[in-house]
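J.: What follows is the residue order along each chain.
2 protein chains.
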Amino acid sequence: MAASTAPTAAGANAVNLEQSFNNKNMSSELNNPTQQDVHFMNEAIRLADESVERGGGPFGAVIVKDGAIIAGSSNSVTLDNDPTAHAEVNAIRQACRNLNTFCLKGCVIYTSCEPCPMCLGAIYWAGIDRIYFANTREDAAAVNFADGFIYNELERPLNQRSLPIIPLLRDEALHTFRYWAEKTDKTAY
Amino acid sequence: MAASTAPTAAGANAVNLEQSFNNKNMSSELNNPTQQDVHFMNEAIRLADESVERGGGPFGAVIVKDGAIIAGSSNSVTLDNDPTAHAEVNAIRQACRNLNTFCLKGCVIYTSCEPCPMCLGAIYWAGIDRIYFANTREDAAAVNFADGFIYNELERPLNQRSLPIIPLLRDEALHTFRYWAEKTDKTAY
Numbered sequence: 361m362a363a364s365t366a367p368t369a370a371g372a373n374a375v376n377l378e379q380s381f382n383n384k385n386m387s388s389e390l391n392n393p394t395q396q397d398v399h400f401m402n403e404a405i406r407l408a409d410e411s412v413e414r415g416g417g418p419f420g421a422v423i424v425k426d427g428a429i430i431a432g433s434s435n436s437v438t439l440d441n442d443p444t445a446h447a448e449v450n451a452i453r454q455a456c457r458n459l460n461t462f463c464l465k466g467c468v469i470y471t472s473c474e475p476c477p478m479c480l481g482a483i484y485w486a487g488i489d490r491i492y493f494a495n496t497r498e499d500a501a502a503v504n505f506a507d508g509f510i511y512n513e514l515e516r517p518l519n520q521r522s523l524p525i526i527p528l529l530r531d532e533a534l535h536t537f538r539y540w541a542e543k544t545d546k547t548a549y
Numbered sequence: 361m362a363a364s365t366a367p368t369a370a371g372a373n374a375v376n377l378e379q380s381f382n383n384k385n386m387s388s389e390l391n392n393p394t395q396q397d398v399h400f401m402n403e404a405i406r407l408a409d410e411s412v413e414r415g416g417g418p419f420g421a422v423i424v425k426d427g428a429i430i431a432g433s434s435n436s437v438t439l440d441n442d443p444t445a446h447a448e449v450n451a452i453r454q455a456c457r458n459l460n461t462f463c464l465k466g467c468v469i470y471t472s473c474e475p476c477p478m479c480l481g482a483i484y485w486a487g488i489d490r491i492y493f494a495n496t497r498e499d500a501a502a503v504n505f506a507d508g509f510i511y512n513e514l515e516r517p518l519n520q521r522s523l524p525i526i527p528l529l530r531d532e533a534l535h536t537f538r539y540w541a542e543k544t545d546k547t548a549y
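Listed in order, the protein sequences are those of chains A and B.
Quick note on our numbering: the first sequence kicks off at 361 and runs consecutively.
Quick note on our numbering: the second sequence kicks off at 361 and runs consecutively.
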């Protein structure tokens, strides 16, 4: 999944993305966090506290590679006028800038709260290896963040959601994907 | 949900976010797209085509307010080394920069493909009113993007996912949310 300009079938890469996650959760040693894990999570919590102090949202996250923090951020939605600026998304963007890649394979994220669907999606797309979280989505709901509501919405069929989502011009759009599939000099991910 | 420094209970705002979506899907007129809807979707598809040409991903999106396009973007994951730079996320960031707000209430998004969980989450957080999409998540899977895989993962219980997600230090993190709940001069969302 590393950035590459070599001709690659998009398919091969996507399969790799899925395969890269397979069965990682089977390992029981994952459920025994180390002192280092505790240290990194405390840093995520510290960033969350600092954020509240500075007027940001109560969420922090750090990304670790080879035992070192390569990015740390907090929720800056209201400070930056960016609804996508959750702690995890900010940290992923920072880590990718620092490493000059769109793939964070080999990295672990420590976040002070269970990622919302947006952030969880971002973590999957980034290819991160493992997630540690402290507060739960229920804790977030208790202080009135909409994470739980959005999780519930995503599980519903499209026509039963509160936010209307309407199909339009599929036949006209399919050629873009054919164009993509046939392109030989693309960077897939 | 407009940006404000007035003291607000986080709760009030979150309830508003949920309520703002309620029952919008009941309206049958939503299923009769206008010529304007077709025009905006064609623009999203054009951006997707242009993106493939320039070496980006095969996805485009435009955001419309009061009948005018206020932002348009395409997928720049590999071009910008940013796994969060999907067309919808890019367009939301651009629209928020242009309007100087973190809330896109009153806006409609036209995207050339059904939003992935990350983008759908971002659309909910942005408070966008309505989504039109062309290609489906199945069409995306057919050209080997992992949207469907990630949707399936999100529906699984935490301990049955391919990507390990592990609780850690919840008790130590809860104070951040108490701090947030008690803060009177916060900007909630």
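Just so you know, the hints here were simulated from the structure itself, not pulled from any lab data.
Misleading hints may appear alongside valid ones.
Restraint-style ranges between C-beta atoms, simulated for each label pair [stated by the list, open to error]:
#1 B:Tyr539 / A:Ala428: 44 to 54 Å
#2 B:Gln396 / A:Ala502: 34 to 44 Å
#3 B:Tyr539 / A:His399: 33 to 43 Å
#4 B:Glu498 / A:Ser380: 28 to 38 Å
Per the computed footprint, the stretches of chain B lying under chain A, defined by three or more beta-carbons under 8 Å from a beta-carbon of chain A, are [said to hold, decoys possible]:
#5 393 to 406
#6 422 to 428
#7 504 to 515
Chain B is nowhere near these chain A residues, computed Cβ spacing over 10 Å in every case [as the list claims (entries may be wrong)]:
#8 Val503
#9 Ser522
#10 Pro527
C-beta: ideal position from N, C-alpha, C; glycine also.
J.: Now, for every hint given, state plainly whether the structure supports it.
T.: Outcome of the hint check:
{"no.": "1", "hint": "B:Tyr539 / A:Ala428: 44 to 54 Å", "verdict": "violated, 28 Å"}
{"no.": "2", "hint": "B:Gln396 / A:Ala502: 34 to 44 Å", "verdict": "holds, 42 Å"}
{"no.": "3", "hint": "B:Tyr539 / A:His399: 33 to 43 Å", "verdict": "violated, 21 Å"}
{"no.": "4", "hint": "B:Glu498 / A:Ser380: 28 to 38 Å", "verdict": "violated, 22 Å"}
{"no.": "5", "hint": "393 to 406", "verdict": "holds (count 6)"}
{"no.": "6", "hint": "422 to 428", "verdict": "violated (count 0)"}
{"no.": "7", "hint": "504 to 515", "verdict": "holds (count 9)"}
{"no.": "8", "hint": "Val503", "verdict": "violated, 5 Å"}
{"no.": "9", "hint": "Ser522", "verdict": "violated, 3 Å"}
{"no.": "10", "hint": "Pro527", "verdict": "violated, 6 Å"}
Going down the numbered hints, you'll see the structure goes against 1, 3, 4, 6, 8, 9, 10, while the others check out.
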